[in-house]
Amino acid sequence: MAGLFGLDGSTTKNFWIGGAIILVIILTIILWKWAVYVDSRAKARSLARVQNNKDRELSSLSTTKSIRTYALEELKGATRDFRIRIGVGATSYVYLAELGDGQFGAVKRVMEERGGCQKIFLDEVSILLRISHPNLVGLLGFCLDKALQDYLQNHVERYFAILES
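In full-length UniProt numbering, the protein residues as written are 1 to 165.
There may be inaccurate statements among the hints.
[To be verified] Ranges between beta-carbon positions, derived for each pair:
1. L31 with I120: 33 to 43 angstroms
2. D101 with Q51: 32 to 42 angstroms
3. R83 with R41: 40 to 50 angstroms
4. I127 with I30: 44 to 54 angstroms
5. Q51 with F82: 21 to 31 angstroms
6. D123 with G87: 17 to 27 angstroms
7. W34 with R85: 46 to 56 angstroms
[As the list claims (entries may be wrong)] List of simulated lysine-lysine pairs, DSS-like, C-alpha gap at most 27 angstroms:
8. K76 with K119
9. K43 with K33
10. K43 with K119
Just so you know, these hints were derived from the structure itself, not from any lab. Glycine included, C-beta positions come from ideal geometry on N, C-alpha and C.
Please build the complete structure, drawing on both the sequences and the hints.
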């Protein structure tokens, strides 16, 4: 007995199974491409939202107190390209710096590979702008090239901090 297109029943069954497999593969590829597209759009929206939040935080920081913005090159020069490490924190390294006025200070460089991130950096900047105590470090400025902060402690030692993004 001849089946579809003159093929026997077994061949017809194999034809339908093969067609179903090909259809499943095609649908899987389409769904995968759609998922990648949706994910990339979500990431783009998330990045835009983070940038907007960062811009808002920075504008609020700059209106809170007069602080200086530093260039990364200034800190590289002061630390001799981050050569002498004098300390290690949970999310950062601390380097010896010779400041332009002949004083020595420290540069705190926050590192992503040690768990540092821009949000933590901006939170720290925000806190330092709000506090004032003789035994605590006060914020003088920062740089967003790599997100940098400059501290003054007891009007003798100055500290800088950089966040690598």
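Note to self: So, against the hints stated earlier in the document, which numbers end up violated here?
What the structure shows: Failing hints: none at all.
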